[in-house]
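Peer 1: Using the sequences plus the hints, can you model the full thing?
First to last, the sequence lines map onto chains E and A. With the first letter of the first sequence counted as 1, position 182 gets the number 182 in our numbering; the numbers rise by one all the way through. With the first letter of the second sequence counted as 1, position 72 gets the number 72 in our numbering; the numbers rise by one all the way through.
Derived by calculation from the structure, the hints in this document are not laboratory data. Please note that a few of the clues may not be correct.
In silico EDC-like cross-links for lysine to aspartate or glutamate, where the CA-CA straight-line distance does not exceed 20 Å [stated by the list, open to error]:
1) Lys124(E) <-> Asp167(E)
2) Lys67(E) <-> Asp135(E)
3) Lys29(E) <-> Glu183(E)
4) Lys110(A) <-> Glu98(A)
5) Lys142(E) <-> Glu59(E)
6) Lys60(E) <-> Glu144(E)
7) Lys121(E) <-> Glu168(E)
8) Lys39(A) <-> Glu87(A)
9) Lys99(E) <-> Asp126(E)
10) Lys110(A) <-> Asp120(A)
11) Lys124(E) <-> Glu91(E)
12) Lys171(E) <-> Glu98(A)
13) Lys110(A) <-> Asp177(E)
14) Lys90(A) <-> Asp177(E)
15) Lys179(E) <-> Glu98(A)
16) Lys121(E) <-> Asp167(E)
17) Lys171(E) <-> Glu118(E)
18) Lys110(A) <-> Glu183(E)
19) Lys99(E) <-> Asp76(E)
20) Lys106(E) <-> Asp76(E)
21) Lys29(E) <-> Asp101(A)
22) Lys35(E) <-> Asp118(A)
23) Lys171(E) <-> Asp101(A)
24) Lys121(E) <-> Glu166(E)
25) Lys179(E) <-> Asp93(A)
26) Lys99(E) <-> Asp117(E)
27) Lys40(A) <-> Asp120(A)
28) Lys35(E) <-> Glu104(A)
29) Lys60(E) <-> Glu73(A)
30) Lys35(E) <-> Glu98(A)
31) Lys29(E) <-> Glu98(A)
32) Lys40(A) <-> Asp123(A)
33) Lys90(A) <-> Asp23(E)
34) Lys67(E) <-> Glu144(E)
35) Lys179(E) <-> Glu87(A)
36) Lys29(E) <-> Glu104(A)
37) Lys110(A) <-> Asp23(E)
Given the structure is predicted, the values throughout are model-derived calculations rather than measurements.
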Amino acid sequence: MRRALVGSAVLFLTAGFAAAAQDRWLHVKVVDAAKGGESVNVNVPLDLAEKVLPTIQAEKLSHGKIKIGGEIEGVDIHALLGAIRTAGDNEFVTVNSPKQHVRVAKSRGYLLVQVRDEDQKSAKVDITVPISVVDALFSGAKDELDLVSAVRALKEHGDAQLVTVEDESSKVRIWVDSKNTSE
Amino acid sequence: MTGRFSRAKTILLGLVVGVLGLTFIAYAAGTVWVQVQDKKPGGHRILLAVPAVVITLGLKLFPAASLREASAEARPWLPAIEAAGNELAKCPDARFVEIRDPTEWVSIAKRGGSLVIDVDSVDERVHLSFPVRLVPSIVRTLEMSTPPN
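Peer 2: In structure tokens:
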């Protein structure tokens, strides 16, 4: 029963991070491949997210906007995103170390973050966020993220594979499409 | 004699129409189902089916002071719950959450206008379903029972 409560909470809170287009759904799929591992599937209609988010008044979340520090470790996020927005397709960060390869780039209207781990050959992280969604997310004041605007932008964007994380024992996928199942 | 018989017929007809009307209202409002089955040998089994209209009416008849006290803590979340209820009513049937591990399976879905929560664990099986339309009306009753902050 505790899980049902957690599931309900996930359902309502995930709504905050979904986007809303006509019959568009945000999907989260987590599979733990270990023996006896857990699997989690969450399917949230983006319309639900768009309507519920502004009604949640929590410590840092209010009217669909979440408070953050204006600068993270000395980096002005808004200025950085402004620079990325105006720049053409480009590689912004490439880190090649014996243990890890990291790439941050802008390509065809998407912000891409890729991480490959050399220690675990199967470990990889791919984050692909439409620039329009990033713009919407940072469209508010300097110290806040506008989740509702991001949801609307995501809704208008169409199908998108947002996050894929894989390693030896688990797989995580977050994506948006017009299906109401994660199969 | 004929007049008395005719009046009895009218009263009977009125009763039948009344019962049919109440039955239709109860059916249209849906039913809240709660099933709990203890899987241990000799374990108990609870099955509860309550017409949603009874819950709505019951809340209205509940003592205001008790309701105010009960809903005070939930008040900050009532707008979110009401918005979710309204949006879920418009959603097609779907499974929103499914969690599975070797000992437990949890599902939260919408089926035929009801939100259905199922938990199947090693110890027990729980099934709860209620009409999605019930959510906004309960929230409104709770909101009316507590003064705004």
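Peer 1: Are the hints correct? Go through all of them and say.
Peer 2: Hint check results:
{"no.": "1", "hint": "Lys124(E) <-> Asp167(E)", "in the structure": "holds (6 Å)"}
{"no.": "2", "hint": "Lys67(E) <-> Asp135(E)", "in the structure": "holds (16 Å)"}
{"no.": "3", "hint": "Lys29(E) <-> Glu183(E)", "in the structure": "holds (10 Å)"}
{"no.": "4", "hint": "Lys110(A) <-> Glu98(A)", "in the structure": "holds (12 Å)"}
{"no.": "5", "hint": "Lys142(E) <-> Glu59(E)", "in the structure": "holds (18 Å)"}
{"no.": "6", "hint": "Lys60(E) <-> Glu144(E)", "in the structure": "holds (9 Å)"}
{"no.": "7", "hint": "Lys121(E) <-> Glu168(E)", "in the structure": "holds (9 Å)"}
{"no.": "8", "hint": "Lys39(A) <-> Glu87(A)", "in the structure": "violated (36 Å)"}
{"no.": "9", "hint": "Lys99(E) <-> Asp126(E)", "in the structure": "holds (17 Å)"}
{"no.": "10", "hint": "Lys110(A) <-> Asp120(A)", "in the structure": "holds (17 Å)"}
{"no.": "11", "hint": "Lys124(E) <-> Glu91(E)", "in the structure": "holds (18 Å)"}
{"no.": "12", "hint": "Lys171(E) <-> Glu98(A)", "in the structure": "holds (16 Å)"}
{"no.": "13", "hint": "Lys110(A) <-> Asp177(E)", "in the structure": "holds (19 Å)"}
{"no.": "14", "hint": "Lys90(A) <-> Asp177(E)", "in the structure": "holds (18 Å)"}
{"no.": "15", "hint": "Lys179(E) <-> Glu98(A)", "in the structure": "holds (16 Å)"}
{"no.": "16", "hint": "Lys121(E) <-> Asp167(E)", "in the structure": "holds (8 Å)"}
{"no.": "17", "hint": "Lys171(E) <-> Glu118(E)", "in the structure": "holds (18 Å)"}
{"no.": "18", "hint": "Lys110(A) <-> Glu183(E)", "in the structure": "holds (17 Å)"}
{"no.": "19", "hint": "Lys99(E) <-> Asp76(E)", "in the structure": "violated (28 Å)"}
{"no.": "20", "hint": "Lys106(E) <-> Asp76(E)", "in the structure": "holds (18 Å)"}
{"no.": "21", "hint": "Lys29(E) <-> Asp101(A)", "in the structure": "holds (14 Å)"}
{"no.": "22", "hint": "Lys35(E) <-> Asp118(A)", "in the structure": "violated (24 Å)"}
{"no.": "23", "hint": "Lys171(E) <-> Asp101(A)", "in the structure": "holds (15 Å)"}
{"no.": "24", "hint": "Lys121(E) <-> Glu166(E)", "in the structure": "holds (10 Å)"}
{"no.": "25", "hint": "Lys179(E) <-> Asp93(A)", "in the structure": "holds (11 Å)"}
{"no.": "26", "hint": "Lys99(E) <-> Asp117(E)", "in the structure": "holds (6 Å)"}
{"no.": "27", "hint": "Lys40(A) <-> Asp120(A)", "in the structure": "holds (13 Å)"}
{"no.": "28", "hint": "Lys35(E) <-> Glu104(A)", "in the structure": "holds (15 Å)"}
{"no.": "29", "hint": "Lys60(E) <-> Glu73(A)", "in the structure": "holds (19 Å)"}
{"no.": "30", "hint": "Lys35(E) <-> Glu98(A)", "in the structure": "holds (19 Å)"}
{"no.": "31", "hint": "Lys29(E) <-> Glu98(A)", "in the structure": "holds (10 Å)"}
{"no.": "32", "hint": "Lys40(A) <-> Asp123(A)", "in the structure": "holds (7 Å)"}
{"no.": "33", "hint": "Lys90(A) <-> Asp23(E)", "in the structure": "holds (10 Å)"}
{"no.": "34", "hint": "Lys67(E) <-> Glu144(E)", "in the structure": "holds (4 Å)"}
{"no.": "35", "hint": "Lys179(E) <-> Glu87(A)", "in the structure": "holds (17 Å)"}
{"no.": "36", "hint": "Lys29(E) <-> Glu104(A)", "in the structure": "holds (17 Å)"}
{"no.": "37", "hint": "Lys110(A) <-> Asp23(E)", "in the structure": "holds (15 Å)"}
In summary, the structure is inconsistent with hints 8, 19 and 22 from the numbered list given earlier, while agreeing with the others.
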